[in-house]
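**Student:** Residue-level listing of the chains:
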Amino acid sequence: MIQNAAPRVLRAMYVSTLNLGLPPPPGVFRAALTALRRTSARRFTSNSTPNLTTVPDNRTASARDDRWVALIHAIGARQDRQAFAELFGHFAPRIKSYLQRTGASEAQAEDVAQETMLSVWRKAALFDAASAGVATWIFTIARNSRIDAFRRERRGGAIRVGDAEAEFEIDPTPGAEARLAAGQADARVREALAELSEDQLRVVRMSFFDEIAHSDIARTLQIPLGTVKSRLRLAMKRLRGILDQDL
Amino acid sequence: MSVVHHPDDETLAAFSAGALDLGQRIAVATHLTACAHCRDWVRAMERVGGALLAEAAPAALASDALDRTLARLDEPTPAVAARARTAKDLPSGLPRFVESYRFGGWRWVAPRVSLRPIVLPEASATRVFLLKAPAGVGLLRHDHTGPEMTCVLTGAFRHEGGRYGPGDFDFGDDTVNHEPRVEEGEDCVCLVAMQGDLRWSGWLGRLAQPFLRL
Ligand SMILES: [Zn+2]
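Top to bottom, those sequences are chains A and B.
Taking my numbering, the leading residue of the first sequence gets 1, the next gets one more, and so forth.
Taking my numbering, the leading residue of the second sequence gets 1001, the next gets one more, and so forth.
The hints are simulated quantities; they were obtained by calculation from the structure and are not laboratory data.
Accuracy of the hints is not assured; some may be wrong.
[Said to hold, decoys possible] Just the calculated beta-carbon pair ranges, DEER-fashion: (1) B/Arg-1072 / A/Ser-197: 40 to 50 Å; (2) A/Asp-128 / B/Glu-1183: 38 to 48 Å; (3) B/Gly-1146 / A/Ala-130: 39 to 49 Å; (4) A/Asp-244 / B/Gly-1136: 36 to 46 Å; (5) A/Gly-226 / B/Ser-1002: 18 to 28 Å; (6) B/Arg-1158 / A/Ala-194: 35 to 45 Å; (7) A/Glu-169 / B/Ser-1002: 22 to 32 Å; (8) A/Ala-130 / B/Arg-1096: 39 to 49 Å; (9) B/Gly-1196 / A/Ala-125: 21 to 31 Å; (10) A/Arg-81 / B/Thr-1154: 51 to 61 Å; (11) A/Asp-199 / B/Gly-1161: 23 to 33 Å; (12) A/Glu-169 / B/Glu-1183: 30 to 40 Å.
None of the values given here were measured: they were computed from a predicted structure.
All residues carry an ideal CB built from backbone N, CA and C; glycine is no exception.
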């Protein structure tokens, strides 16, 4: 799937700049072209086992990240509805599937996905490309919306808006994480994920996305509980080893 | 004085994923308030969440999902109520959002050990309280029936695992039976998030048991 990603991105970007009142994002085409060259070069050297991981090639992904940043800025600066629609088209279905995996019903997941995208619209002007990538930013909004929605349901609407957000606002003082630009940091994280074995990536994904106990992960994957725990610990250790140097 | 004891990576990942319940989230957030290193890691884990979200398999949306959302774009943004700090005499080191919670009064739970419940705004499987004791006092020897997270706010205690000063994080479950003892110096105040029931050891502990039904 990686090998087709770059042409697809090129085509999608070409079409969307035709449809959109957006200026073509500078450098994006060049980046996608570079990505195309890179991936076609890599296609023959990378291992031939089918890779189930969907972590994309970094050049491709960073071209896409640039596009998303441009969309968010278009929303923040001039309430661009077409930019919003494009972002919605990519993220809303994925937020919904993320929420369903965490145990939300289909109706809840649909509601919270729309609620999340509404927050994206409202907060777009606050988006700071220097501190987080778009996908990361939307992930945190979806996570917080999910927590708020879950509470609202249990307490019959008594929850205040934005409670969960406050619970994750620990300290505005940037630490060492400011050493790397957000785009670079996202790229490093993608690289780190790509370095995990398929099994490790699977438990990381499950523990991140699925609100299920490790014992359920063990049952689903039909491996002993101890294996789930050690696999997750190992995966985290590897991520830590790769990321600690520069994050 | 720097932080030595941190939550493990899986706990920090669960925090970042929003998978901890409120009580445990408070304990981890208390540590994060003091620890830039773990804040960085949480940031990195949020990036993992972002990368996984960006590549997640899409679910089919309702056919009118976009239209319904577009129709709501002009709704006024709901105001977020500012929350004031309500309790007095709070120790330093608490996350800001916790300072706006309601705190119960200090109550005696054992000789020279007192406890102050934090009233959570929602039902949680985890009880959260402050625990305070002066130098030389044992911080209640107990067994666990569920996991317990402790973060030191002021002072320090020591047990088999080492010395725990401000910001240090201690995790206990049914496999440990530590006997923390407060170090010389100022009173030790900890934030404790505890699941399950505590089985206090000894007759004094049993005497204190009813006080801990928060
Ligand atoms: Zn730490």
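**Student:** Hints first: check each against the structure and report whether it holds.
**Tutor:** Here is how each hint holds up against the structure:
no., hint, in the structure
1, B/Arg-1072 / A/Ser-197: 40 to 50 Å, "holds, 43 Å"
2, A/Asp-128 / B/Glu-1183: 38 to 48 Å, "holds, 42 Å"
3, B/Gly-1146 / A/Ala-130: 39 to 49 Å, "holds, 41 Å"
4, A/Asp-244 / B/Gly-1136: 36 to 46 Å, "holds, 38 Å"
5, A/Gly-226 / B/Ser-1002: 18 to 28 Å, "violated, 34 Å"
6, B/Arg-1158 / A/Ala-194: 35 to 45 Å, "holds, 43 Å"
7, A/Glu-169 / B/Ser-1002: 22 to 32 Å, "holds, 23 Å"
8, A/Ala-130 / B/Arg-1096: 39 to 49 Å, "violated, 23 Å"
9, B/Gly-1196 / A/Ala-125: 21 to 31 Å, "violated, 45 Å"
10, A/Arg-81 / B/Thr-1154: 51 to 61 Å, "holds, 52 Å"
11, A/Asp-199 / B/Gly-1161: 23 to 33 Å, "holds, 31 Å"
12, A/Glu-169 / B/Glu-1183: 30 to 40 Å, "holds, 32 Å"
The structure fails to meet hints 5, 8, 9 from the earlier list, while all remaining hints are met.
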